[in-house]
Structures are given as structure tokens and as C-alpha cells.
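Q: The lines below spell out each chain.
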Amino acid sequence: DQQVKQNSPSLSVQEGRISILNCDYTNSMFDYFLWYKKYPAEGPTFLISISSIKDKNEDGRFTVFLNKSAKHLSLHIVPSQPGDSAVYFCAASDGQNFVFGPGTRLSVLP
Amino acid sequence: EPEVTQTPSHQVTQMGQEVILRCVPISNHLYFYWYRQILGQKVEFLVSFYNNEISEKSEIFDDQFSVERPDGSNFTLKIRSTKLEDSAMYFCASTLTGLEQYFGPGTRLTVT
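Protein chains in written order, with our numbering: chain A, 1 to 110; chain B, 1 to 112.
The hints are simulated quantities; they were obtained by calculation from the structure and are not laboratory data.
Possibly wrong hints are sitting among the right ones.
Simulated pairs of lysine-lysine, BS3-like, Cα-Cα distance not exceeding 30 Å [unchecked claim]:
#, chain 1, residue 1, chain 2, residue 2
1, B, K42, A, K5
2, A, K56, A, K68
3, B, K57, A, K5
Produce the entire structure from the sequences given, and follow the hints as far as they go.
A: This is the structure:
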């Protein structure tokens, strides 16, 4: 029972272009969503979050969009940089539990 | 910048042995978590801890697992009798608000 899905296991993008990472969820009780970045041999690093009362949150090169009716969120990175190459996890919370998606490996090509 | 630390970075143990994984959360944080990630799989929630007690736990967190905050700074995960399938990266996380979690670097547990 995958409550949080990231259907693209990997994504390759050219440096300078936009990276779009997608996430879908099934549990309508989730009201807070987070994106984490993970490098090999390191713990996940918090990137950006969004509350269910918003549909967009922006922080520098990172923007998260939330479409509650579609139970879908996306992370946009623009412009993409080689240092952005990592695994990106979407996570959702209902205020008590955190559920992580399986991750998408982003490769930004120079 | 404050960070979550975990020790050891790698623990090798024999099946059936007890292991204790240690974490030092960020000092003013109030909520503490353990997650694990089996190689090639997703990050899985194990347990959350608040106000000196477990607030939530997953199905994975059975009687073989326990957590403690023995001295106000450390947060430990104990596995009483390790199994081969316990081999994974174990991540500790903490948060002040119960929202954005800050993760430690992880402990790689190898059960042989």
C-alpha cells in the first residue's frame, strides 16, 4: 500500500534547464508535504515544504506546487545545477506520521 | 549550524546479538524519530518519540525494538536480537515543530 508514490525512479536533465520531480499521494488526511534531497552515504536533507492550505511555495531555485484535488505535488528546480544530482524524496504527513516516497534519482548533466 | 549526529557510522553484528544505535538530536528539538532504509528500498518510518514516550510506531517496530532518551541528549534505538533482515541504514531525525525534520548521517547496520 504505497501512500506516497514517485513514479519516476530516475530523471536526467541538462544543466541550466528545469527539473520537475513529481509525487502523488493517496491519503487525503495528509496536510503537510516535504521534499528531501539525499546524497549517497548521507542522511536526507530537508529542502522545502508546503502546507495543504497553499498551492505553491518558493525558496530560491526550488518551488513546490500542490494540487490537492489531484493529490499531486511537484518540485521544480530551475536552473538545474550539477550539484543538484541526488535522490529526491517526497514525504507526506498527517500531523503524526511521516510517509516517504521511494525517491527519484536526478542526474543533472553538464 | 546545529546538526544531528549518529554513532557508529557502521555497525557489524552477528544474528541474534543486541545492538544499540545512538543519536544526538539537535539540542532544542522536541520530537525524535528513527527511520530505516534497506538497500535499494525507500525510507521507512519506525518510531516517533515526544515528551519521553513513543507517540507513533510502525508495524516494523515490533517487540525487538525499543527506544530511549536516557540523559536528555542521546536518543537510542535498541534491537534486542538482530535478524539478517534488520540490515539497513538507520536514520535518526529530530524537529522542533513536528514538521521539518533534520536527519543524521545514518548508521549502516550489517547483520551477518
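Q: Evaluate each hint against the coordinates.
A: A quick look at each hint next to the structure:
1. B:K42 <-> A:K5: holds, 11 Å
2. A:K56 <-> A:K68: holds, 11 Å
3. B:K57 <-> A:K5: holds, 21 Å
The structure fails none of the hints (numbered hints given earlier).
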